[in-house]
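Undergrad: Protein chains in written order, with our numbering: chain A, 42 to 272; chain B, 42 to 272; chain C, 42 to 272; chain D, 42 to 272.
Treat the hints as calculated values from the structure; they're not laboratory data. Yeah, the Cβ is synthetic: ideal placement off N, Cα and C, and Gly gets one too.
Straight-line distance between alpha carbons at most 20 Å, and here's what the computed EDC-like set of lysine to aspartate or glutamate pairs gives:
no., chain 1, residue 1, chain 2, residue 2
1, D, Lys-261, A, Glu-177
2, C, Lys-261, D, Asp-181
3, C, Lys-48, C, Asp-96
Far from chain D, by Cβ distances over 10 Å, these chain C residues were calculated:
no., residue
4, Lys-48
5, Ala-95
6, Met-112
7, Ser-116
8, Arg-171
9, Leu-197
Each chain, written out:
4 protein chains.
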Amino acid sequence: MSLDDLKQAVLEANLATVRNGLVIATFGNASAIDRASGQVVIKPSGVPYDRMTADCMVVSDLDGRVLDNRMRPSSDLDTHLVLYRAFPGVGAVIHTHSTFATILAQCLCPIPPMGTTHADYFHGTIPVTRHLTPEEITSDYVRATGEVIVETFRDLDPDTIPAVLVAGHGPFVWGQTPEEAVMNATILEEVAKFAWHGMMLRPGAPQIPAALLDRHFLRKHGAGATYGQPT
Amino acid sequence: MSLDDLKQAVLEANLATVRNGLVIATFGNASAIDRASGQVVIKPSGVPYDRMTADCMVVSDLDGRVLDNRMRPSSDLDTHLVLYRAFPGVGAVIHTHSTFATILAQCLCPIPPMGTTHADYFHGTIPVTRHLTPEEITSDYVRATGEVIVETFRDLDPDTIPAVLVAGHGPFVWGQTPEEAVMNATILEEVAKFAWHGMMLRPGAPQIPAALLDRHFLRKHGAGATYGQPT
Amino acid sequence: MSLDDLKQAVLEANLATVRNGLVIATFGNASAIDRASGQVVIKPSGVPYDRMTADCMVVSDLDGRVLDNRMRPSSDLDTHLVLYRAFPGVGAVIHTHSTFATILAQCLCPIPPMGTTHADYFHGTIPVTRHLTPEEITSDYVRATGEVIVETFRDLDPDTIPAVLVAGHGPFVWGQTPEEAVMNATILEEVAKFAWHGMMLRPGAPQIPAALLDRHFLRKHGAGATYGQPT
Amino acid sequence: MSLDDLKQAVLEANLATVRNGLVIATFGNASAIDRASGQVVIKPSGVPYDRMTADCMVVSDLDGRVLDNRMRPSSDLDTHLVLYRAFPGVGAVIHTHSTFATILAQCLCPIPPMGTTHADYFHGTIPVTRHLTPEEITSDYVRATGEVIVETFRDLDPDTIPAVLVAGHGPFVWGQTPEEAVMNATILEEVAKFAWHGMMLRPGAPQIPAALLDRHFLRKHGAGATYGQPT
Chain A
42 MSLDDLKQAV
52 LEANLATVRN
62 GLVIATFGNA
72 SAIDRASGQV
82 VIKPSGVPYD
92 RMTADCMVVS
102 DLDGRVLDNR
112 MRPSSDLDTH
122 LVLYRAFPGV
132 GAVIHTHSTF
142 ATILAQCLCP
152 IPPMGTTHAD
162 YFHGTIPVTR
172 HLTPEEITSD
182 YVRATGEVIV
192 ETFRDLDPDT
202 IPAVLVAGHG
212 PFVWGQTPEE
222 AVMNATILEE
232 VAKFAWHGMM
242 LRPGAPQIPA
252 ALLDRHFLRK
262 HGAGATYGQP
272 T
Chain B
42 MSLDDLKQAV
52 LEANLATVRN
62 GLVIATFGNA
72 SAIDRASGQV
82 VIKPSGVPYD
92 RMTADCMVVS
102 DLDGRVLDNR
112 MRPSSDLDTH
122 LVLYRAFPGV
132 GAVIHTHSTF
142 ATILAQCLCP
152 IPPMGTTHAD
162 YFHGTIPVTR
172 HLTPEEITSD
182 YVRATGEVIV
192 ETFRDLDPDT
202 IPAVLVAGHG
212 PFVWGQTPEE
222 AVMNATILEE
232 VAKFAWHGMM
242 LRPGAPQIPA
252 ALLDRHFLRK
262 HGAGATYGQP
272 T
Chain C
42 MSLDDLKQAV
52 LEANLATVRN
62 GLVIATFGNA
72 SAIDRASGQV
82 VIKPSGVPYD
92 RMTADCMVVS
102 DLDGRVLDNR
112 MRPSSDLDTH
122 LVLYRAFPGV
132 GAVIHTHSTF
142 ATILAQCLCP
152 IPPMGTTHAD
162 YFHGTIPVTR
172 HLTPEEITSD
182 YVRATGEVIV
192 ETFRDLDPDT
202 IPAVLVAGHG
212 PFVWGQTPEE
222 AVMNATILEE
232 VAKFAWHGMM
242 LRPGAPQIPA
252 ALLDRHFLRK
262 HGAGATYGQP
272 T
Chain D
42 MSLDDLKQAV
52 LEANLATVRN
62 GLVIATFGNA
72 SAIDRASGQV
82 VIKPSGVPYD
92 RMTADCMVVS
102 DLDGRVLDNR
112 MRPSSDLDTH
122 LVLYRAFPGV
132 GAVIHTHSTF
142 ATILAQCLCP
152 IPPMGTTHAD
162 YFHGTIPVTR
172 HLTPEEITSD
182 YVRATGEVIV
192 ETFRDLDPDT
202 IPAVLVAGHG
212 PFVWGQTPEE
222 AVMNATILEE
232 VAKFAWHGMM
242 LRPGAPQIPA
252 ALLDRHFLRK
262 HGAGATYGQP
272 T
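Okay, chain A solo, but in the shape it has when bound (with noise of 0.2 Å):
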């Protein structure tokens, strides 16, 4: 894929995510990583959605060297940048602050599998990272958020729970295209939304079976996956 046309499927997933009722305002960001080069395309900070074109997408190194001077990336950058080093699987980062996913994250509050819907996407509870410390706020701020996903991550696997929600903030969402990235996160929502429905009818959050759980993500995901049509 051209970075052209990289470009171009990063601003569509940023309007997809609006799109899908996930943004509003300028909350949310969406970024994709052009592996075999290590070049990193993000929407730019703050520019109203209506008026963003393909051309005003900004390119960085893996390290945040910004390589086009026009526009400033968004401020989220360093948290993505975190992410594609730490998850070689990843494509595309999404953050949004999508309600119910947002509502959770304020709560510190982890999705567990209570349903199919869940099941189809992500194999196992979504976590919520820990609060940062003062100090990493008001050192290193955005990047100690990147930080703070992966060590959240470290007995997880990020290919198979592609979604994380960061204490008081909001989700992080993640997937090997924008495409993808873009119908995890609005999956995301409808499980969160799902979850705090459940949660304040049975406080005890029932949860699927494990057997339920895998049959639902294995025939969507992996090697013996039989949804969809033959490719």
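Position chains B, C and D relative to chain A; hints supplied.
TA: Positioned in the frame of chain A, the structure of chains B, C and D alone reads:
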């Protein structure tokens, strides 16, 4: 009705579930049966709704033998087939992950008749299935989903209670025609929304008097129906 | 106003209830009365809203004698007629199953004045009827629904509290004109939404001071009203 | 900015509150001040939004003397004027009955900083006023509403907490410009929605660390702001 007309009706039922806000992504599927020929028409698996045409609809017989080879049928086909075989009055089946019906399915919470909106379409409590056993999940899962629905209706009438919540999954809904199944799925989501909010405010979940349940259901259904225009 | 104009106004009131999100499917109906002639114009029964024209509106007298033979009137006609006979200040009646008003009706939960939004349109608590008896339900149910509303207003003023929640059913709302009834039905749903959420957060359901209730209601209604532009 | 430009900006702010889902019916009003001349431009009273033009905007001085005679100003004008006189940094004021902000105002429930969405726009808890006394309500009610807001901010900075919930009524929000006030009103509704749901799930209402509140607010506001593009 010709097979082409049935494909068109099934396509429209699938699109209506999206338009009525019952389905996001590719969750959900609608089918219908031609009782004369025993042919079942169902949505293909994993095809985006905006690219779906009547030609994409897959035809199978009641044993699941696909009668054309163009596309893979919905991964839930076998559940639909069990329902067509067990419930002779059913002409169309719809599965969605609509918000409140899914939340209640995840909470294993049946929907009692709390108001006349419910009574206009469902003549009693909408039940929840038991969870499938690990053995059922790991062997013939999709067929077992249909069988646990039939088991749930052992002492219930599927013609007057045309919906069920599958535990940890979501609703299956049916009707004599695709249009009726769409309407039942839409009203189910509405009464599920009412039920969730009512159970939160009044944990006792007050039900309507039996006489009111009968009055509303029977003025819209059966030989004595008086609702609507004479046909 | 000519009968044709009244039909047009009733059609528009019915369509406005759909447009304002108060009605799905064919739930809901609006009517109006010409007090000079005693003629009542009401929606037909079970006709989809997108095929409804002014010509579909049914005309009856105050005793329910249909004055034209084209279409069957709304199944709730007799409830409307009881209200027109009992409440001389009422010029239009609307029935909906709007979400939060219906939820509170199902919970037998009156709506106290918890804020100025309520006070701007309703001068006190919006009451809930008692449930009808089995005898009332099995004999002349629709008329009995009207009569239990009138009973509920024995000590209330329908001109300053233009709405009621019918137990286990949903709201009936009225006004001097179809436009006013539509507005009252829309605001009722809004204050019902506020009330449900307020009662969940603060079970004590704090009410506004009596002076604030009077101040807001009376600046919009009655001889001393100062709201809006001079007419 | 000319008076005509200010009228246009105030019109657009009023229309934006409707477009952003903050206002139904004719609830809500927006105004702005030209600090050089002391002229205030505000929405007229009770005019439907779809018939509102820039010419309808009413001009008054800071003492409430209407400088043109065409239309009656918003019934809340005197509240706006108190805020302009007391808060010299305020250039525009918006009042709405937006859903969750109003629900919390009715519950007398302040909004603590529970997440970074809040911190990006409000540098601390959004307060609730006390209820007005019967005497205040029956005498100069609208002015008293402004005065109780000013009283509530005796120890708070209106430039960094640009919103308040008026007890039993709804939010007043402000900003340096009409555009900023619209944004603040929109974000207020979002954080109120987050807060209601968070308080329901976790009655303790966890707040974010003080360092995180500072970090997010100060990267968007004040001399050290780094968010957005260089101007």
